[in-house]
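Residue numbers (this note's numbering), protein chains in the order written: chain A, 1 to 342; chain B, 343 to 748.
There may be inaccurate statements among the hints.
Said to hold, decoys possible - Derived contacts from chain B toward chain A, CB cut-off under 10 Å, selection only:
| id | residue |
| --- | --- |
| 1 | Ala364 |
| 2 | Ala410 |
| 3 | Asn415 |
| 4 | Pro416 |
| 5 | Leu418 |
| 6 | Thr428 |
| 7 | Leu433 |
| 8 | Thr437 |
| 9 | Val471 |
| 10 | Lys555 |
| 11 | Val573 |
| 12 | Ser574 |
| 13 | Lys742 |
In short, the hints are calculated from the structure, not lab data.
Ideal placement from N, C-alpha and C gives every residue a C-beta, glycine not left out.
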Amino acid sequence: MKFKTFFWFVAPSVFMMLLFIAAPLISVFIQSFQITQPVMQQIEVETCTPGFLTQTCVTETKTVPVINEETGRTETTTAWVGFQSYQNVLQMDKFWSAIGSGNWGEILQIDFWKALRFTLMFTLVTLPLVIGVGLMIALAVNNAAKSLRGPVIFVSLLPFIITPVIGSLSIYWLFVGDGILTATLERWTGQDIAMFAQAWTIELLMYFYRVWHVAPFAFVIFYAGLQTVNMDTLESAIIDGASRFERLRYVIVPHLMPLIIFIALIHLMDCYRVFDEIIGFRSQAHVISLQWLTFDFLTPDDAGNRAISRAAASAMLTMVGIVILLILPLRRTWRDHKGGAH
Amino acid sequence: MYLKKLALAGAVSLLGSTAFAACSYQNEVPLKSLTAGFEAWKAVTDAMAECGNFQAELDQEFRTKQPAAFEANPSLYHIGGVSNGTITPLLNAGTIRPLDDLVEKYGQNLSPNQLIRVDGQIMAVAMMVNTQHLMYRSDILADLGIETPSTWDEVFAAAEKIEEAGVVDHAIGATMKSGWNLAQEFVNMYPGFGGAFFNADNTTAVNSEAGMKALDTMKRTLEFTDPEVLVSDSTYVQQQFQQGKIAMANLWSSRAGAMNDENESTVVGKVSMAAAPMAMDGGAPATTLWWDGIVIAANITDEEADAAFRLAMEGMDADMVQSANEAAIWLVQGYEPGPLAEGAIATATANPAPPAYPSTTQMGLLHTALGNELPAFLTGERGAEATLVAIEEAYTTSAKEAGVLE
Numbered sequence: 001m002k003f004k005t006f007f008w009f010v011a012p013s014v015f016m017m018l019l020f021i022a023a024p025l026i027s028v029f030i031q032s033f034q035i036t037q038p039v040m041q042q043i044e045v046e047t048c049t050p051g052f053l054t055q056t057c058v059t060e061t062k063t064v065p066v067i068n069e070e071t072g073r074t075e076t077t078t079a080w081v082g083f084q085s086y087q088n089v090l091q092m093d094k095f096w097s098a099i100g101s102g103n104w105g106e107i108l109q110i111d112f113w114k115a116l117r118f119t120l121m122f123t124l125v126t127l128p129l130v131i132g133v134g135l136m137i138a139l140a141v142n143n144a145a146k147s148l149r150g151p152v153i154f155v156s157l158l159p160f161i162i163t164p165v166i167g168s169l170s171i172y173w174l175f176v177g178d179g180i181l182t183a184t185l186e187r188w189t190g191q192d193i194a195m196f197a198q199a200w201t202i203e204l205l206m207y208f209y210r211v212w213h214v215a216p217f218a219f220v221i222f223y224a225g226l227q228t229v230n231m232d233t234l235e236s237a238i239i240d241g242a243s244r245f246e247r248l249r250y251v252i253v254p255h256l257m258p259l260i261i262f263i264a265l266i267h268l269m270d271c272y273r274v275f276d277e278i279i280g281f282r283s284q285a286h287v288i289s290l291q292w293l294t295f296d297f298l299t300p301d302d303a304g305n306r307a308i309s310r311a312a313a314s315a316m317l318t319m320v321g322i323v324i325l326l327i328l329p330l331r332r333t334w335r336d337h338k339g340g341a342h
Numbered sequence: 343m344y345l346k347k348l349a350l351a352g353a354v355s356l357l358g359s360t361a362f363a364a365c366s367y368q369n370e371v372p373l374k375s376l377t378a379g380f381e382a383w384k385a386v387t388d389a390m391a392e393c394g395n396f397q398a399e400l401d402q403e404f405r406t407k408q409p410a411a412f413e414a415n416p417s418l419y420h421i422g423g424v425s426n427g428t429i430t431p432l433l434n435a436g437t438i439r440p441l442d443d444l445v446e447k448y449g450q451n452l453s454p455n456q457l458i459r460v461d462g463q464i465m466a467v468a469m470m471v472n473t474q475h476l477m478y479r480s481d482i483l484a485d486l487g488i489e490t491p492s493t494w495d496e497v498f499a500a501a502e503k504i505e506e507a508g509v510v511d512h513a514i515g516a517t518m519k520s521g522w523n524l525a526q527e528f529v530n531m532y533p534g535f536g537g538a539f540f541n542a543d544n545t546t547a548v549n550s551e552a553g554m555k556a557l558d559t560m561k562r563t564l565e566f567t568d569p570e571v572l573v574s575d576s577t578y579v580q581q582q583f584q585q586g587k588i589a590m591a592n593l594w595s596s597r598a599g600a601m602n603d604e605n606e607s608t609v610v611g612k613v614s615m616a617a618a619p620m621a622m623d624g625g626a627p628a629t630t631l632w633w634d635g636i637v638i639a640a641n642i643t644d645e646e647a648d649a650a651f652r653l654a655m656e657g658m659d660a661d662m663v664q665s666a667n668e669a670a671i672w673l674v675q676g677y678e679p680g681p682l683a684e685g686a687i688a689t690a691t692a693n694p695a696p697p698a699y700p701s702t703t704q705m706g707l708l709h710t711a712l713g714n715e716l717p718a719f720l721t722g723e724r725g726a727e728a729t730l731v732a733i734e735e736a737y738t739t740s741a742k743e744a745g746v747l748e
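For reference, chain A alone in the conformation it holds in the complex (with noise of 0.2 Å):
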């Protein structure tokens, strides 16, 4: 291709990668370092408030933000921290001495520290089951007679069509309480279920919750990876007498290894950014992850205090941990890439 051509042809799309991707990272990147504050003043005022009969009125010193005469806005003022905010979202000090003392148990205490390891957890858990039920999802498909595979697909994808949050929501609603399927537990148990109750209970519904709704993405990536397995080499294998579990040990996987990286790249990242099960299932209390770390630094309060810059540090931190976490997919993927362009 001509690479005038090439070039009008990407061009939207990059202009659309630096207006909304590159130009809002720099940003985050800048504000992590910086705190932008309201000028503080402290005055004397007299608030009066209704009773059920009468006002009571108290006089007080309060400490409102500067409100400039001519824009009509708070006046802000903007500094360099240099670290600050990291050193707020991460709190080092507490890790080391947690450390230090032997007690590790204290550093999951740490907001930043609890929603890691979640995080990391939930990633690494559900990572080997998507792939694991995607795979088991296409074979079978793929052994389905003809007839049914149409109807089985449609229903295997259901899960992958519904809104995350909607998805979460109504395994919330299955489970809390008296939902009907924690009453037909107890019915069947005789013991009084409680899955909102404690933290391994939520997280076992976040795995399966979050299995159920991605594997179909990677029932059809492998689905249509296995329509291209070589017939030849498969035929030869059952001539050279390997059973079902060494095709699929040595014929199948093989080829669809690049797929099974892409689905591993790609389901990282989404994992890592896990949110919709913190707030589907209101499990703030027991388990929170990273990006709702900085969801909740972002959301304001009543008096409208917001924490931009603890929230930027907190998104850049995310970020540096969904690269570590890709940088071994992507090497290899790298690497055969290499090998593959003699």
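Fit chain B to the supplied structure of chain A, relying on the hints for placement.
Just chain B, lined up with the frame of chain A:
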């Protein structure tokens, strides 16, 4: 979508309702409002909508939208529904206007009690008070011969008897959903033990004896609640009540009306209200007083402000109150307190009275810190003292960031 549905539901309920007297005038200026979504706001905005050209947005997450929406020029909404917690950012940013002249023009029916004055200027008009108070199943308590509890110790004693009798799943319900709700429980309990939230230099004073006692009491509650209490918010507790699963709860008075809603409730007429329990003898009821009311945006024209205030007064008039008497503890003329209001009124008029929720920047920061740090204590991951230290540290970090601490 949710909002549209709510607005639609509002519109439909309006069509079906004949209880409202029609509006006394025709509103010609297009107006919009952003308020919370509970029953009382629905009644008020429905009454406003009768005058025409009015679009109401009822959203329980209004608090996250309102500051930015009012800072826009022109403001995205003309009328805002606030409480003493959520008026703070609007006051701080100067995005709401003083209402003195408008009150003079249209506010003949307002009582002085309704006018929220900040430094002498009227900045908001309150329509109702809200507070958390003790709601209990009077039938169960009467059956078991338990007197209405007036302190938390009595609540726990009653809870023990109720659990023993096994008449409900859990004796107590609590709005302890991690985050804002859970923090509010502490904000109720802590002043009940005589605690002050802040020192004179804006540092927080929660790491104190009163703080320890408040945490203790909260933890004792867990013995009698649903094990999933850390996901339960006001609506969840309300439903537990309606379905007869709990016998007592310290719940918002704005939820009282739902107990007698025959479409939802299986316990119609069986739930009574009493003052919020005291944390210690001779103290104030362990709760905070709230008001809800309207503000008018600063970044709109004077004509719009005039029309908006006139419309708001139409929405908050005696006609509206008569048709929605049970929806809130109204401050509006014509309100006749029914049995559902007894608890809230007893709470608000108690001596010593519970404090009003402080509308300050620091309180917002502390509320967030409480909401994030308390769960670890209640799940047992962290001791009480360590939790208070953690709250103090979290507050200090964010207060420094927000510029209220050096």
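Run the structure past the numbered hints and jot down the numbers of the failing ones, going up.
When the structure is compared with the hints, numbers 1, 4, 5, 10 turn out to be violated.
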